[in-house]
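Chemist: Chain order of the listed sequences is Y and D. Residue numbers for the first sequence, in our numbering: 1 to 435. Residue numbers for the second sequence, in our numbering: 1001 to 1176.
Careful: at least some of the hints might be erroneous.
What the hints assert, rightly or not - Simulated crosslink set (BS3-like; lysine-lysine; CA at most 25 Å straight-line): (1) Y:K244 / Y:K55; (2) Y:K164 / D:K1037; (3) D:K1037 / Y:K140; (4) Y:K199 / Y:K10; (5) Y:K396 / Y:K10; (6) Y:K199 / Y:K17.
The set of hints was computed from the structure by calculation and includes no laboratory data.
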Amino acid sequence: MGYPHPSHPKETVVLSKHFGDPEARTYAGWVRHGGYEALRKAVGMSREAIVEEVKASGLRGRGGAGFPTGLKWSFMPKDVVRPHYLVCNADESEPGTFKDREIMRWTPHALIEGCAIAAYAIGAERCYVYIRGEFTEPWKVMNAAVEEAVAAGALGDDVFGSGKRIEIVLHRGAGAYICGEETAMMNSLEGRRGNPRIKPPYPAVAGLFGMPTTINNVETLAAVPHILNRGAAWYKALCLGNPKSTGTKLVSVCGHVQRPGNYEVTMGTPMRDILYDMCGGPPAGRTIKAVIPGGSSVPIMTLEEAESALFDYEGVVEKGSMLGSAGMIVMDDRTDMVYQIWRLARFYAHESCAQCTQCREGTAWTTRVLERILAGKGKQEDFQLLLDLSENMTGKTICVLSDSCAAPVVSGIQKFRSEFEAYIAGAREPSLAAV
Amino acid sequence: MSGSHGGTAGHGTAPAEEHIPVFTGPTRARLEQLFTKYPTRQACLLPALWMVQEARGWISEQAIGEVADVLELTPAYVKGVVTFYTMYHTHPVGRHFVQVCTTSPCNICGAEDVVKALLQETGCGELGATSPDGRFTVIEVECLGACGFPTPILVDDDFIENVTPEKVRGIVQRYQ
Chain Y
1 MGYPHPSHPK ETVVLSKHFG DPEARTYAGW VRHGGYEALR KAVGMSREAI
51 VEEVKASGLR GRGGAGFPTG LKWSFMPKDV VRPHYLVCNA DESEPGTFKD
101 REIMRWTPHA LIEGCAIAAY AIGAERCYVY IRGEFTEPWK VMNAAVEEAV
151 AAGALGDDVF GSGKRIEIVL HRGAGAYICG EETAMMNSLE GRRGNPRIKP
201 PYPAVAGLFG MPTTINNVET LAAVPHILNR GAAWYKALCL GNPKSTGTKL
251 VSVCGHVQRP GNYEVTMGTP MRDILYDMCG GPPAGRTIKA VIPGGSSVPI
301 MTLEEAESAL FDYEGVVEKG SMLGSAGMIV MDDRTDMVYQ IWRLARFYAH
351 ESCAQCTQCR EGTAWTTRVL ERILAGKGKQ EDFQLLLDLS ENMTGKTICV
401 LSDSCAAPVV SGIQKFRSEF EAYIAGAREP SLAAV
Chain D
1001 MSGSHGGTAG HGTAPAEEHI PVFTGPTRAR LEQLFTKYPT RQACLLPALW
1051 MVQEARGWIS EQAIGEVADV LELTPAYVKG VVTFYTMYHT HPVGRHFVQV
1101 CTTSPCNICG AEDVVKALLQ ETGCGELGAT SPDGRFTVIE VECLGACGFP
1151 TPILVDDDFI ENVTPEKVRG IVQRYQ
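One chain only, chain Y, in its complex shape:
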């Protein structure tokens, strides 16, 4: 449902059904809503059967990369000779994205159940949930929910009398965007600076504490109980024509729309339905100029691209961007694109962990060049300089943080070049003081 708004007829409400309902937060309330049936079922199944079911559902990672979840689980060693770990990525920090926060605030037991099922499926007895430090309310809600789940026997040494041991440990982050990157998250969990690691080795081989590890996003794990309850075929059928993108997706919409919020749609829903029908379009008298569809790390779309895109992994790529985390940032005709691209570049410069030169220098340099342009001191050569910097920040570093900085810069120059030109030509008042 378009929390905090009522559900829209064009939504497909599965994960968000109980957003805003305080009863769903409690163990008893969750059980009344059918909760923990899937976990009871799962502990009676073989690990392989669960992995196969999730594979067959077509579920793909909801954190941004879209990697098939069942396939990721199947990379874990079959025999458990060393401890296996599950890490739930609840470090939601991608600008524009605020869906995992609502899952944890309103349906913490959906996440706990998903974690428990996934942990069992990959042969892990312990799951760490890494929650970003700023999420004070989700932190409290999750702590209370884990306590309740332990007391009810859904977690612990003997899950629902099955003899299976599953423990969930909540771990609080401390303010670092980069820790949402899975290998940085593992370092952070180990008590280190959050620097991403070089892959290989991949986490399934040598991850957290050097042990086989799977990292999944909150929304991905919250979908798992529904798949076990209603079957892979049901989930796979939630798709509008593209069998590679199945299920429902929470879309966080923010910026210049009348009803910002979290909407849940079947994969493949036209983006215009989300923008206009669900969110009510731009404020009265305005028109939409640009949409960043998948959190700030993906290329900016023009209105024409956004209006013609189907909202699934392939559909958004076809129109020049990426689904990412599905955090949709809508900008209307009043928006100064150069200023906002600078603001995004500044975000990445601030959040760079600084271990790769291209990222450490490139994000800061890009920010300074954009500052110069905004201060009315830009030059024609700055276009080429920004594009060269972006090229050097793409595909050349340990993680994709610097690629993410380049995405809005390159797409911004391609699609909104006249706004840069206006600053450089002195046709537009500087919006930053000279540096």
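Following the hints, complete the assembly by docking chain D onto the known chain Y.
Modeler: Quick look at chain D alone, frame taken from chain Y:
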């Protein structure tokens, strides 16, 4: 770079006072309990630092030394980790710590005006500074993860959504 993030703006030197150990009694017991949840003591570093900040409001050099002792790490290593994460305070802050999101989604909805109103109403004047009455420190932060409810601010542990410049005075009055 313009747009300072107040977390890095230290003001004056830390007062040289005697360090009263944090990890004693119930806090030590909480830490011991945490040791059972991780295969290494080092992994308890972020939680231990949170415990220090909860108890003391910030993380001093002496506290870094104590954390290093209890986790069997070196102070230099602990300091390296402390300074990586923006939420740990390495200098004293006001009684109420205010974090305002000004990243793009909030920025296009007027977050910079919320910052101005906060700096004025709290008397902080500038980002990262503590108000003369010691009540507030205001900093700008990157994305608080509540982009649909601009502008979100975090006052201590209270997450407040949909803040506008007009609402700032009322919010500031709630915190003494």
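Chemist: For each hint, tell me whether it holds in the structure or not.
Modeler: The hints, checked one at a time:
1. Y:K244 / Y:K55: holds (12 Å)
2. Y:K164 / D:K1037: With a Cα-Cα distance of about 18 Å, the restraint between Y:K164 and D:K1037 holds, given a limit of 25 Å.
3. D:K1037 / Y:K140: holds (19 Å)
4. Y:K199 / Y:K10: This hinted pair is violated, its Cα atoms lying about 41 Å apart.
5. Y:K396 / Y:K10: The hint is violated at about 41 Å.
6. Y:K199 / Y:K17: violated (38 Å)
Consistency note: the structure conflicts with the earlier hints numbered 4, 5 and 6.
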